[in-house]
Structure formats: structure tokens, C-alpha cells
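**Q** Got chain S; can you put chain A on it based on the hints?
Chains S and A supply the protein sequences, listed in that same order. Start counting the first sequence at -7; every next residue gets the next number (our numbering). Start counting the second sequence at 744; every next residue gets the next number (our numbering).
Please note that a few of the clues may not be correct.
Residues of chain A clear of chain S, computed beta-carbon distances all greater than 10 Å [said to hold, decoys possible]:
| id | residue |
| --- | --- |
| 1 | 769 |
| 2 | 821 |
| 3 | 849 |
| 4 | 869 |
| 5 | 873 |
| 6 | 965 |
| 7 | 976 |
| 8 | 1038 |
| 9 | 1113 |
| 10 | 1152 |
| 11 | 1449 |
Straight line, CA to CA, 27 Å or less: simulated DSS-like cross-link-like pairs of lysine-lysine [claimed, not checked]:
| id | chain 1 | residue 1 | chain 2 | residue 2 |
| --- | --- | --- | --- | --- |
| 12 | A | 995 | S | 191 |
| 13 | A | 975 | S | 196 |
| 14 | A | 1341 | S | 196 |
| 15 | S | 224 | A | 1341 |
| 16 | A | 975 | S | 133 |
Since the hints were made in silico from the structure, they are not lab data. Cβ atoms here follow ideal geometry from the backbone N, Cα and C, with glycine treated the same way.
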Amino acid sequence: MPNHQGLRRRLLPFLVALLTGARLMNATAWAAGPHDAVSIVDVFRGIGITAAAAGILLLILVQYVYRKNIRHGAYHRLLLVGVFLLPLTATWSTTTTVMEGTKLVQACASCHVMHPFVNDMKNPSSPTLAARHYRNNWIAKDQCYACHVTYGVTGTLAGKRDGFRHWLHYVTNTYPDPIQYVGSYANSNCLSCHQGTGKWERVKSHQALLGELSTDRIACITCHGPPHPLPKERTVATTSK
Amino acid sequence: MCPPPDEPNELTRRELIKLMGASAGLVCLAPLAGCGDLWERQAVIPVDNWHKGVCRFCGTGCGVMIGLKDNRVADVKGDDEAHNRGRLCIKGLATRDILYSNGRALYPMIRKNGELQRVSWDEAMTLVAQRFKEAIQTHGPDSVAYYGSGQLYTQESYTANKLFKAGIGTNNVDGNPRLCMASAATGYTTTFGKDEPAGCYEDIDHAECFFITGSNTLECHPIIWERVRDRKRSHPATKIILVDPRRTFTAKHADLHLPIYPGTDVSLYNAMIHVFLEHDFIDRDMVENYLSFKEGENNRTFEDFKRHIAKYPPETAAKTCGITPRDIREAAFLFASSKATLSLWTMGLNQQVQGTASNRLVSAMHLLTGHFGRPGATPFSLTGQPNACGGVRDTGSLSHALPNGRLVANPKHREEMEDLWKVPRGRISPKPGYHTLTLFEAMNRGDVKCCLVMCTNPGQTLPNVTAYRQGMEKAFLVVVDAFHPTETTRFADVVLPAALWVEKEGVTGNSERRYHLYPKLVDPPGEAKSDLAILVDLADRLGHGDLISARTPKDVWDEWRKISAHSAYNFEGITYERLQKERGLLWPCPTENHPGTKRRYLPGQDPMATGTGRFDFYGKPDGRATVWLDRQEEPLDPYTDEFPLILNTGRILEHWHTMTITGSAPTLQAIHPDYLEIHPYDAHQLAIKEGDPVIVKSRRGEVELRARLTDVVRPGMVFATMHSARHLVNQATHDVCDPFSKQPAFKRCAVAVQRKTA
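Just chain S, same shape as in the assembly (with noise of 0.2 Å):
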């Protein structure tokens, strides 16, 4: 027991300096989006730091610091601890915080090529349909995702292919000036939430369109779009934001 009481008072300015850690972590977060509550991406971007902190901090301590003053045993747990728990922790939180991350409409804008995108969705009179998708608050949060759902953690094969393209174009300055949509659309971004309402159901050309729209083989942009500013109406990127 004294033994337990002492490793608690020496390990105790660790356990402060965790949690202080944390909570700079959380201030520092990317401002959050329409609402400015903790995000789930600051909780999880807290946990990866704070554990890969305390993965590194515990390791220097147990080894170097109180390795005489503990039993065989602890110093074997703490270094499992250390070596194991903390790192798997630390990767998993910091995948999520990547994959959640990016989902986030201000990770789409922290890269200038898409400003014109957002400015435009953020616009409160543009009549293009991302930006009525935007102000009317028909998809309450993550609206550049809900739209492109390819890349997230369960994303395609194609999302992340895509995103390795873009990526490499991006740093080797070799994309196309101004960026264009490549390939068909998916319908089944819009289809998921309109398909089977009943203002979608009533108009005849829906149902006359059905295997052309499920195929792709029919945007259903076409009729409803542009759901961004065409080239010529595009704001021009500015290089912060």
C-alpha cells in the first residue's frame, strides 16, 4: 500500500501535465463549424495527442526516473502500457481525427483550390444547389461530405484513389485550371435522402427516368443543377482562410 500511495504522489504532476495537455489540445482545435461546440474530432484529436504524450512521457519516467522504486511486476505493466496501450490508442484516435477530420467543411476550405466552393456554398444568395443545400439547413452538418461521400473511413476504392490523385496533382501543381468534375456523379447522394418522399414520387419524370438515374446514366444535376458555380461565375481561390 505505501508503495501504491507513493507511485500516486510521484505519477501525480504527470497526470496534471496530461490533462493540461489535453486541454491546450482542445483550445487550439480548428474552430468548430456552424456550431461551436467540441466537435468529435477535437475529442478524438485530444485522446490520439494526449495518449501518444502520455505513451512518451510514462516510458522516459519508468525507465530513466522510478525504475528502482517500482516492483518487477509494475515496471512491466507500465512499460506494456507505454509500449502497447497508449500507441494503439494514440493511432486509433488520430486515424479517426483524419477520417472525421475531413469530413469537416473547413477541411475542404483549408485547401485554395476548393474556395471557390465553399464561398459559394457559404453564400447566402447563390442559387446553385449546394448552397441551398447549405442555407436551408437541409444537411445539418458536414455538407461538403454528405454530397461526396467517397472518401470517408468507409469510403470506396474509387474515393481514395481520387484523393490520392488530387493530392498528387495538388503538390505537383499539375492540376487543371478550373477544376472539373471527372466521370458520372453518383445519384445515389441525392437519391438517398429525396428517392421515395412524396414530392419526389408525384413528378412523372422521376418515375419515367428511374433506371437511367439508378445507373448513372442520367444526372440528376441535369435538370436540378449546376450544384456549384460554373468556371466563369467561381470566386477567385484566395490563399488564406
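**A** Positioned in the frame of chain S, the structure of chain A alone reads:
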């Protein structure tokens, strides 16, 4: 470290593990093998190359991108660069399939022993030329006629007009725009002196009040409607007023809907002007300096006009129109008080006995309140066909007209055209030809012996159609169409297969005076030929080959644009090279570096307006636009106890006109337009239930339809579409027409409806 193996062919454990690892890796990649989209997402419909073009259907004239694969049209999408900003409606999307429908006419046919039989082009054309020559020699040039279409390319309509008027020497040249936009044309010419709207589509982006009258824009011009909606989405304070007897889909988005009785437009607009005068919404500078007033042939003053309008207080007009005085006042207030009011209209205004009067009253409302010539403030008619404006109205391919606003009845105009066409003075007949209804009447009587019908379907579209079918049967009828059979080829003596859409090249002019080019991308099926090639062949065979010297779409265009330079329609600067490069140009456009004209009659903007004031109405000798004193007239087909209901006709989003094209498009086939909208109140009185077969009977004929009980129509009114050939609503419609434009009144006739007894 492994020792070297005893036998060189034997695998070591390490090599085995490496091999297994590599195989596992390859297995993981297997699903990607052979995928074309390893690097980039691919389109669902593979396309070799894309070409810019224009949609085949309505007068909106949406830009399309046409994707070809193995020399076939594989995909069609909206053109981002064009005015439609990449949007297309369901009909525009269907253009992907229209060329490959089963209903295409593939080879020339001649009626032998009552049956149409396949023949060679030479045999068919020899017969056509022989019969036309015989008729001309025996009965004079006025025994032959041409009935064209707002769907032919400008080069084709222009060539046909020239061949018949300057070659054969008859003004029997008319076409389906007579059924469609004639009242809009007379409305513009009587008001401004020149045809075609003053504004453009871009005005939609600036308007703060839309006055939509006689137009179901959402269904009939969906891409224009989306632009109107965009304006409202961006500026929610924008008001939409709709005047339509039916509570259409368009009405559901309107801020104010005035469901007037069909044919009472004149009362409504006069009453709105009454409110303008009452509340002094009048632009005095406009009245003093830019307007004149007329009643029939007589000049009137503004005071006369006020006395005339005093007969139309909203309280009286409201009774005529079947709405409340409050609604009229509110509409007038919204119209006049907005910063910029844009009026849109189409068939509802044009297809009535007082079509011209209604058209010029809408223009008058704009002129009197000063809602004219500013961005967003203009009267603007919407066209039904892709080339009624450019091809028929501008080329003057109508019985009373000559190119660029000239008139047959005007000797000076005839001389100008004779000089420009390089034919002897006196070649053009001074006698205006038969307009559509009189043309088919003349065929009934036997006065017109031969008629060349191109790219249209009068066997279905004429009002009171049964009465005119015997004439079609009687005359030597040559029908040139891309489709067979139609309700017109049924009566044809010769059917000639025509190329469709991008199987031929040509220019069209849409609702906003925009001329744009359709490229030839694929070959026509079977033995089909372009309408221009058929006309050139006919000209040669009739001995007018020298007159029709321009024989390619480009040559005809060059001839035509140079002729336009001698008029206020000047578009000499719209060269073929510019058309190939740009998404069309708005005329007037006199020089090759002129950007085109968005708004007419404005000095500084319109190159034809040379005045110095706010406006220059150069179409009128005194430079003033005319406001007409028009009276509401009694309906010509009154409802009685025998015919107690009013039939109105119209269109739906998914089909176009007589369904010749849309009826065979795979995506649209399943949508049937064969119904009669009837109010549940009337249905109850007539013991009609939803889906019952009903007979709609008028003083002229009857048609069977299925009842659809709906409050979209008012009690006392029924509605049917004009699309279906199986149930021809035009057997019941009234063949009475506007006295000025000669456009028939499809929108109103008295009928009786009864349940069909087995």
C-alpha cells in the same frame, strides 16, 4: 543463411515465402486488373469526343454537348458555357435517343393504289416536279403551296421561301409558326414596328417582378423557369404573378395566381392599366416623348386612351375574368411598383381570338409604366419551336411576309427583295398567299393542287382538324419528315425521308434573338437527306436552279446574313466562323467585331438605334412605340346549355407537340397524355368518376379521353393536351382565328362532356 540447395530447381523455404507473399499481393490487386478507371473516374456512358450543339426541342434553345461513340450519338448533356448553364430538361436529355427511334422515315415513298410504296429518290422527285409543273402551268403559280415549320433550319426555310416567292411566283408560303407565334409577331410589329422581343434571357437575372401570363413555364420552358426560380432563390423578395386559367405546377410557385377565364385577357390588362392610371404609376416622359396611341386606323391621344381605359375598372373586369378586383389591383401594384418587371408569355396569350390585342396590351403595360429597356424590365415572349423566330419570322416565310420584316403587300418591300434576290422586278406576286387555315381550306376547295409540307404535322395540329383532312387527301401532298407514319404522312402522295437534328447542319434563332449553329455530326439513316438538299433538288427540277445558287448551309447563311444588312435585323456580323466558335450571338450584330445586342431600341446599346434620347423606336416612322386601344370582345364559341363547359388545351413537361419525336423516345414513352382534366364539381354533376372514359363533344367534333378529376381546372372548365394522335383533341377545337395574326384560338372552345356508355 541458407546453404546453397543441392538441386538448383528446388525452392528454398525463403523463396517459397517470398513467392507466396507476392502471389497474395497480386490476388489483392486482381479486382483492379483490366479496369479503365485505375487513375480516374470514368463516365458511365463511354464517349469518344464531345461537340457543341443545340437541343432539338423548344424555343429556349439550350446549348448541349453531344458525345459521339463509333459515329453515333451516345450521350447528350447540358453545355456549361451556354445560357442554360449546363441544364437540360427531360426532353433535352432524350435527344440522346431520338435519332435511333424505330419510327424514322428511311426511304422515299409514293402512293400507288392507295398504298405508300418504296421508290428511288429520282422517281419520287421526278413525280413531285412533274405534278408541281403541271399545276403551275395549268392553274397558275397560286395552285401550289409550301407549308413549313419552325423546326427547319434557317437555311431551309429561307431557301423554300425564296424558291416559292421569287422562283415559282406564289406567296403561298406559310407554316406552323402561324399556329404558334403569329400573334406575338403581330403584337411586336404593331407596337414597335419590328418583330422579335426587345429583351433577352439575361433580363431574368435582374427582374424583381415576373408577370407570367398564358404560360405554364415550369412544364413548357423548364430551363427558363429554373432561371426565374434562381432569381427568386437569390432574391426572395422577387414576386411571381401568374395569369393562367389552370392552377398549373407553375402556379404552385407563384406569389399571386389569377385564374382568369380563357379569352378575357384584354379585360384584365385594361383593368391593370386602369390601376396604373388611378395611382399614377405612369412614366410621363415615356408618354410624352416615346409613345403614340392608336385605335384601329385612327390616331388617338393619351386623353382618349384614358377615357377608353375608364371603361375597364377592376370591379367590372373582375366579373368578366372571374377573379376578384383585389387580385387585379394587387397584380397591378406589384407590376408597377417593382424596380424591374419582366413579362413572360407564350401560347396562352397567342392562341386566342384576341391574341394580337393581348400581346400588345402586355407591351403597353411595360411602356406606360416605364418598365422597358432597363435590365430586367421588358416584355418577353417565349417561343415554342427552336426556329420559329430565326427561321420563319425573320426570313418572312409566311404568306403575308418577305424577309426581315418586309410585307408582300408593300410594293417598295417587294422591289427591295427582288433586287436583293436578283430577280426581275414584278417577279414577287403582289397578292399575299393563303395563311394556314385558308391554305388548307383552299385544298378542301381544290384551289391548291399541290402542297409541299416540311417538318410538321398539320394532320394533327390544325384546329377542327377533321374539316381539313379531306383537303389533304384531295391535294397532291408531298410530306418531308424524319418520321413515318404521322397523322400527315397518312394523307401524303409522296413521303420524303428527312435528316433530323445533327444529321444535318444549320442555324436556328431562339426566343431571345440568339442565332446558333447545329453541327452535322452523324449521317442520316437509310436514304434520308437534309431538307436543304431536297429543296435544292426540287429547285433544279422546277427550273429554278440558277435562283437557288447557294446550296450548302454555309453558302445559304452567307447569302442570308448579307441580305439582312439591308434591314434593321442586321446580323451580317454573325459569320459562320463565329457561330462555330461561340454559343450563338444575339442580333442585331452588324459587324464581325460586334458582340451582339442584349436590349433593343436603346441608343448606345442597339447599333440600329441612332437617336439620342432614352429610346429610339426605329421601327416606327415617328420613332414612337404604339399603345393600342383594344376592347374586350364577346367569345365566338359561346357556352350554352348544350355545350356548357370551356375546353382549354396545352402541354406537359415530358412531351413535345404532336409527340412525333418524344413519343418514340424510350424514356418518355411510358408517360401518357390522354386525359381530360375536369373539376370534381362538374364530374359529380355529370356522374363521371376518376378514370372513366368520357366523350368531349364540341360543335365541330368529338374526342374520347379518360377523366382525371382535379381542382387544377376551375369548375366549368376542362383541359386536354394537344400531344396525342390516338385521341385528337383538335377534332373538337375551334378553327376561328385572330383577325390580325390569323392564329387559331386553340385555348378556348365550348364543349359538352359525357361519360361514355358501353
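**Q** Tell me the hint numbers this structure goes against, listed in increasing order.
**A** 2, 6, 7 and 14
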